[in-house]
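Asks: If you want the building blocks of each chain, they are given just below.
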Amino acid sequence: MGVCLAFDEVKMAAQLQFRDVTLGYDRHPAVHHLSGEVTAGALLAVVGPNGAGKSTLFRGLVGILRPLAGTILTAGLDTRDIAYLPQTADIDRSFPISVFDFVGTGLWRQTGLFGGIGREARGKIEKALSAVGLSGFENRGIGTLSGGQMQRMLFARVLLQDARLIVLDEPFNAIDAKTSADLLALVGQWHAEKRTVLAALHDMELVRAHFPETLLLARGQVAWGSTADVLTTENLLEARRMCEAFDDSAAACAVDDKTSQAA
Amino acid sequence: MVYDALIAPFIEFEFMRRALAAVIALSLGGAPIGVFLMLRRMSLVGDAMAHAILPGAAIGFLLSGLNLFAMTAGGLIAGFTVAILAGVVARITELKEDASLATFYLASLALGVTIVSIKGTNIDLLHVLFGNILAMDDQTLLVIAFNATITLAVLAVIYRPLVIESVDPVFLRTVSRAGAPAHLVFLALVVVNLVNGFQALGTLLAVGLMILPAGIARFWSRDITGMISIAVASAIVSGYAGLVLSFQTRVPSGPAIILVAALLYVVSVLFGSVRGVIRQMFPAPHLEA
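Residue numbers (my numbering), protein chains in the order written: chain A, 1 to 263; chain B, 1 to 289.
Everything labelled a hint here was simulated from the structure, so no lab data went into it. You may find that some hints are simply not true.
Okay, the calculated beta carbon distance ranges per label pair [unchecked claim]: (1) 143/A x 150/B: 47 to 57 angstroms; (2) 77/A x 142/B: 42 to 52 angstroms; (3) 153/B x 111/A: 51 to 61 angstroms; (4) 240/A x 269/B: 24 to 34 angstroms; (5) 123/A x 103/B: 48 to 58 angstroms; (6) 51/A x 96/B: 19 to 29 angstroms; (7) 177/B x 173/A: 27 to 37 angstroms; (8) 122/A x 12/B: 44 to 54 angstroms; (9) 223/B x 232/A: 45 to 55 angstroms; (10) 76/A x 103/B: 37 to 47 angstroms; (11) 146/B x 121/A: 55 to 65 angstroms; (12) 177/B x 225/A: 34 to 44 angstroms.
Using N, Cα and C, we set each Cβ at its ideal position, and we do this for glycine too.
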């Protein structure tokens with residue numbers, strides 16, 4: 001067993017390293033002292049009650065929220081190598097842009113500010129749209145899409161981003177079974193292509209069936225490892241006991257003091 | 001008869017030709033900016049910025065009288081200062097852009113009124129407030145054309161990040177750092193076009209040739225390219241018709257242009273093909289699929 005672990009360590013490089021990461025808002029931690037590694041090519045579910053810090057963790061990971069303490073190492077990933085699908089996509093649906101153009105923004109990595117969308121790129125966009133079952137929607141405005149179609153469109157963009165790390169924040173919320181099955185197949189495909197995929201999820205059955213690894217988060221880490229070991233009744237109960245509200249009169253975290261002294 | 005009313009003024013009088021050239025240049029630069037202001041829900045920001053320019057122009061006036069370049073430079077400095085301070089405050093604090101802009105523009109408006117009241121006649125003040133498109137000299141015309149050209153060139157450069165930031169700001173933040181610079185450059189373009197417009201329309205109405213065409217365009221097109229084209233076209237039509245109206249009736253030129261634009265706006269609200277009032281009251285039968 002020990003030999004096997006050592007072999008894994010040599011073979012699997014860490015794609016992500018969390019080193020005592022604390023993320024939060026106004027000094028209040030939403031993710032508290034998280035440490036751990038995600039190997040390259042992992043398919044990791046992040047589960048936990050509402051307010052557990054799943055979205056905050058992802059925001060820190062993709063670089064739109066700076067950690068209050070600690071570091072997140074991404075093993076040489078550029079921001080362009082990360083595709084992020086936020087939970088409540090902050091999208092102005094009244095903006096006059098077609099599905100084709102919107103999905104085309106996923107090619108930013110190739111096109112950047114000025115690069116043109118040539119025939120090859122057009123082909124890619126068509127392919128991505130057909131992969132998510134949105135062929136024929138090219139010229140529709142994004143405001144005309146249903147919730148499920150919207151999510152399919154966002155997946156098409158993630159597909160085009162061709163990223164080594166894919167971060168999905170509750171991708172299957174308020175989505176019917178057919179759509180989530182289709183999109184889950186895409187996630188499986190990304191996993192097969194050795195991309196690292198992190199997804200925040202609430203559906204434990206879905207996690208057990210499709211995600212080999214799980215991080216159970218309740219502000220701090222409750223358990224992290226193979227899904228069967230993590231999603232035990234005791235662990236889930238412990239996660240549920242987490243207190244959600246910030247304590248406005250909370251003192252500065254003592255662990256922080258220790259680490260800063262050590263550093 | 002029609003010729004006399006619509007074409008003869010421009011053939012007979014050079015000042016009318018200059019005015020028409022000015023209004024076309026203003027439309028080409030200002031209308032696309034107005035479309036983005038509208039789509040980014042910043043229409044009132046444009047209005048606020050127009051007020052913010054006033055003290056700068058007033059300082060220019062105080063220092064060197066009714067001098068075009070001094071007033072333009074002053075307006076640009078004041079506008080940029082307010083735009084950038086407001087943008088920076090909104091980006092690094094919790095205050096939203098509209099609130100921080102309101103603060104800055106009120107302060108600078110108060111400053112401007114104070115400065116104007118120190119020196120200057122009522123006629124000078126009227127000129128600053130409402131402009132005079134019928135008194136375009138070569139220099140002014142060149143400045144306006146130059147600014148319009150710069151606007152279109154710069155807008156082409158920031159077009160893609162600007163569109164993506166408008167529709168999905170979080171996505172842009174995860175793929176690029178171009179969002180914040182694009183936004184600040186866009187605010188700068190707003191200022192350039194306001195200053196540009198106030199030569200012709202004055203500080204109070206300059207924003208009208210940007211915002212009204214954008215509002216008109218929204219009722220006729222569903223995609224952004226179409227909107228920009230329609231906005232530019234309707235700005236040019238308003239400018240031309242406004243000049244004719246002003247020439248024939250002695251209505252002041254600036255207000256005449258904005259009134260024509262307002263009329264087009266009302267017509268668009270009523271009859272527009274994209275969610276116009278009439279279209280919504282008498283909808284075509286629904287389709288099979």
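Asks: Decide, hint by hint, whether the structure agrees.
Replies: Hint check results:
A C-beta distance of roughly 33 angstroms is found between residue 143/A and residue 150/B, which places it outside the suggested range of 47 to 57 angstroms. About 50 angstroms separates the C-beta atoms of residue 77/A and residue 142/B, a value consistent with the hinted range of 42 to 52 angstroms. Checking the proposed 51 to 61 angstroms range against residue 153/B and residue 111/A shows it is violated: the Cβ atoms sit about 20 angstroms from each other. Judged by the Cβ atoms, the range 24 to 34 angstroms given for residue 240/A and residue 269/B is violated: they are separated by roughly 54 angstroms.
Checked against the hint of 48 to 58 angstroms, the pair residue 123/A and residue 103/B passes, with Cβ atoms roughly 50 angstroms apart. Between residue 51/A and residue 96/B, the C-beta spacing of about 25 angstroms keeps the proposed range 19 to 29 angstroms intact. The hinted range of 27 to 37 angstroms is satisfied by residue 177/B and residue 173/A, whose Cβ atoms lie roughly 30 angstroms apart. Between residue 122/A and residue 12/B, the C-beta spacing of about 52 angstroms keeps the proposed range 44 to 54 angstroms intact.
Evaluation of the 45 to 55 angstroms hint for residue 223/B and residue 232/A yields a pass: the beta carbon distance comes to about 53 angstroms. Judged by the Cβ atoms, the range 37 to 47 angstroms given for residue 76/A and residue 103/B holds: they are separated by roughly 44 angstroms. At roughly 35 angstroms, the beta-carbon separation of residue 146/B and residue 121/A lies outside the given 55 to 65 angstroms, and the hint is violated. Separation of residue 177/B from residue 225/A is about 36 angstroms and conforms to the stated range, judged on CB atoms against 34 to 44 angstroms.
Going down the numbered hints, you'll see the structure goes against 1, 3, 4, 11, while the others check out.
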